[in-house]
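Based on the sequences and whatever the hints tell you, model everything.
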Amino acid sequence: MKVTYSWLKDYVEIKLAPEKLADLLTMAGLEVTSLEKIEDDWVFEIEITSNRPDWLSVIGVAREIAALTKAKFHHARGKDYFGKFKTKDLVIKITDKESCSQYRGTIIEGVKIGPAPSWMQKRLKAIGLRPVNNIVDITNYCLYETGQPLHAFDLDKLDSPVEVTVRRAKDKEVIVTLDGIQRELNKDILVIADNNKAIAVAGIIGGAGTEVDCDTKNILLEAAEFDAVRVRRGTKILGLSTDSSYRFERNIDPCGVDNATLRAIELIQDFAGGNIILSSFEKVKERKKEVSIELCVGDVERILGLKINQTNIKQILSALGFKINKTKQGVLIVVPASSRKDVTCKEDLIEEIARIYGYGNIPSTIPYILPRIIDAQDLRYLKGQNLNSALVKIVRKKLGALGYSEVINYSLISEEALEKNNNKRIDVDILRTTNPLSKEQEVLRTDLYGGLFTNVAYNLNRKNNQIKIFELGKVFKQDNSGYSESFSLGFAACGRMHHDWQRPDTSSITFFDLKGSIEAMLSALGIDDFKFATRASALAPYAVAFDILVGQRIIGTIGEVAGDILDNYSIKEKQVFLAEISADELARYFQPSKKFMPYSAYPSIKRDISLLIADSLEYENIVRVISSLGKAIISNITLLEQYTGKHVPQGFKNLLVSLEYGSCTRTLKDREVDIVHNDILRELTEKLEVKIR
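Read in our numbering, the sequence shown has 513 at position 513, and its numbers run on one by one without any break.
What the hints contain is simulated information worked out from the structure, not anything from laboratory work.
Treat the numbers as computed from the prediction; the structure is a model and nothing was measured.
Backbone N, C-alpha and C fix where the C-beta goes; we use that ideal spot for every residue, glycine too.
A few of these clues could be false.
[Claimed, not checked] Straight-line C-alpha distance at most 25 Å; calculated BS3-like pairs for lysine-lysine: (1) Lys-397 to Lys-515; (2) Lys-93 to Lys-112; (3) Lys-285 to Lys-93; (4) Lys-122 to Lys-112; (5) Lys-283 to Lys-217; (6) Lys-314 to Lys-341; (7) Lys-328 to Lys-93; (8) Lys-93 to Lys-20; (9) Lys-477 to Lys-439; (10) Lys-70 to Lys-307; (11) Lys-72 to Lys-323; (12) Lys-93 to Lys-197; (13) Lys-341 to Lys-289; (14) Lys-515 to Lys-393; (15) Lys-531 to Lys-515; (16) Lys-70 to Lys-323; (17) Lys-112 to Lys-170; (18) Lys-531 to Lys-653; (19) Lys-217 to Lys-157; (20) Lys-468 to Lys-397; (21) Lys-157 to Lys-37; (22) Lys-326 to Lys-70; (23) Lys-187 to Lys-97; (24) Lys-37 to Lys-170; (25) Lys-289 to Lys-307; (26) Lys-217 to Lys-288; (27) Lys-515 to Lys-474; (28) Lys-70 to Lys-2; (29) Lys-236 to Lys-97; (30) Lys-631 to Lys-594.
[Claimed, not checked] Ranges of calculated distance between the beta carbons of each label pair, as one might list FRET restraints: (31) Glu-163 to Tyr-359: 50 to 60 Å; (32) Tyr-483 to Arg-693: 48 to 58 Å; (33) Ile-373 to Leu-35: 52 to 62 Å; (34) Glu-31 to Ser-160: 42 to 52 Å.
Printed below as a string of structure tokens:
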């Protein structure tokens, strides 16, 4: 919407400079997107929201300025010509009563076609319109001034006797519009027709066959109220939007039909002459009863946090064109202006008061909060909804130190994504939302895998080839006893171990890197009695998986992701490692207090042993035997090397294990170390069938 500074001053006294006025309008909701000086005038381009069609006119913007600046608003209605002439000679028929609620046709004879006055042409050019002739320019001028579209037909080009019909177009009916294009119509489009043909597309564009030209002597001036939905449907079918259709689509002011007609007649008589022969009016719908809204002054103060007296409220609402019917102390009965269909309740009125008063003038206050005593049951519930803050802090700090980045994903996902994570539907009843906002948010996640897979794919697609991420969030499941929500901790790792531009072939992240990170995290939480046990069969989405146990209780799973799951997410990385641990189980075993053991002041003795073991033998069993026999004096067990290949039989592997013997109270003698060391070798040989090399 464009409007000039001088045009606004016709209706309101403005003391502000154009730049200051632009700022004021923007803060009040009429965003001025550009301000341009053209000769001795200024042009404001204003972004109008769809719920404020009253701002699509000079008068509407001027009224807003008057309210904001407390200036007087001048809205002079033209002379009332309607009661002076007979109307029986012009027949108006509205056959589609749902699409047209009122139609006024005014016949003016003896007009003289010529250029519009220079001041009018100047204003039209400033807002981007091309002057045509005085009649066409006046209808365009009134459209922008009042917000009501008008159209002038050459009366002599209509079939006699003159009869105007508002009807639906016939299928494949054809009309050549003012832009010179022949358009094919259908039954969804509303038209204005004479006795034989369509002469205009209602609310959108006139027909070329009845346009006003230099030979026009007599005109039929049209002003009507067309249905917004019908006009919008017509614009979509024709692929055509005009200034008129733009306003009709947003529901024009029903009172604007007569006001705009009177203003146009006044200008036509001043600048084109002519005599008004008759004005005919057809109305098929009674105007909706005025809405009365009761507004309590106390509600204004309560909602805005602002003390404003009743007199000021009345002044603001009256300046906006609202009527105050009845008043009593503390209460106003307000009737919104006919152009303000967006105002339907007291909250809308309060918003208008705040807008005109100025949001910047409302003081900042601390919200009043009513304290509430939480009983023991509520407290237990609230504690159950959150993890131990100390645990969360340690997890984030430790994993961050290990190079992991935290991710946060939505709890609501699509059922398709849930199936994609598991390849087959998991054996658990999923929780569906009753009214999902979209298909992507129809179920609650049962694990963290889907979000982690999406994060991995997103990063790999953007050339981030070192991925170490974790997520701490809730998962949801349902069983016969109801539904449950619990905290879970998920991990994903793949790609290169380090970013090194000098060595692009840096070793890749392995399963043991992720396993080591989890071990370090568990140790930081004070959980020492953990182990990893091979699963008999891998559970989707894993190809190979291990259970993570504390004592005999399974708290999570770790493994390598199956290839078909990676394909579901278009992940090209061959090896992606994944883990998920119950954070609630971590909280169960979490030891916030730290135990420190003194370093030994005495020298230690190291003995290395080379073991040939079967592939099926787990290293954990070797550690268990060594620890059980040397618990008193063994301070550390380290796996130095694993070797398979030459000189190692198939189905076997060679391990090099270092044992460190030491005491915190004395220096150990070789003889006592030898006794324990030999017992360990014998036990490994006899119990685990290990060969010492």
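Hint check results:
| no. | hint | verdict |
| --- | --- | --- |
| 1 | Lys-397 to Lys-515 | holds (18 Å) |
| 2 | Lys-93 to Lys-112 | violated (29 Å) |
| 3 | Lys-285 to Lys-93 | holds (13 Å) |
| 4 | Lys-122 to Lys-112 | holds (21 Å) |
| 5 | Lys-283 to Lys-217 | violated (28 Å) |
| 6 | Lys-314 to Lys-341 | holds (19 Å) |
| 7 | Lys-328 to Lys-93 | violated (47 Å) |
| 8 | Lys-93 to Lys-20 | violated (50 Å) |
| 9 | Lys-477 to Lys-439 | holds (19 Å) |
| 10 | Lys-70 to Lys-307 | holds (19 Å) |
| 11 | Lys-72 to Lys-323 | holds (17 Å) |
| 12 | Lys-93 to Lys-197 | holds (14 Å) |
| 13 | Lys-341 to Lys-289 | holds (12 Å) |
| 14 | Lys-515 to Lys-393 | holds (20 Å) |
| 15 | Lys-531 to Lys-515 | holds (10 Å) |
| 16 | Lys-70 to Lys-323 | holds (17 Å) |
| 17 | Lys-112 to Lys-170 | violated (36 Å) |
| 18 | Lys-531 to Lys-653 | holds (22 Å) |
| 19 | Lys-217 to Lys-157 | holds (11 Å) |
| 20 | Lys-468 to Lys-397 | holds (14 Å) |
| 21 | Lys-157 to Lys-37 | violated (42 Å) |
| 22 | Lys-326 to Lys-70 | holds (23 Å) |
| 23 | Lys-187 to Lys-97 | holds (15 Å) |
| 24 | Lys-37 to Lys-170 | violated (48 Å) |
| 25 | Lys-289 to Lys-307 | violated (32 Å) |
| 26 | Lys-217 to Lys-288 | violated (39 Å) |
| 27 | Lys-515 to Lys-474 | holds (23 Å) |
| 28 | Lys-70 to Lys-2 | holds (23 Å) |
| 29 | Lys-236 to Lys-97 | holds (21 Å) |
| 30 | Lys-631 to Lys-594 | holds (22 Å) |
| 31 | Glu-163 to Tyr-359: 50 to 60 Å | holds (54 Å) |
| 32 | Tyr-483 to Arg-693: 48 to 58 Å | holds (57 Å) |
| 33 | Ile-373 to Leu-35: 52 to 62 Å | holds (57 Å) |
| 34 | Glu-31 to Ser-160: 42 to 52 Å | holds (50 Å) |
Violated hints for the displayed structure, listed by number in ascending order: 2, 5, 7, 8, 17, 21, 24, 25, 26.
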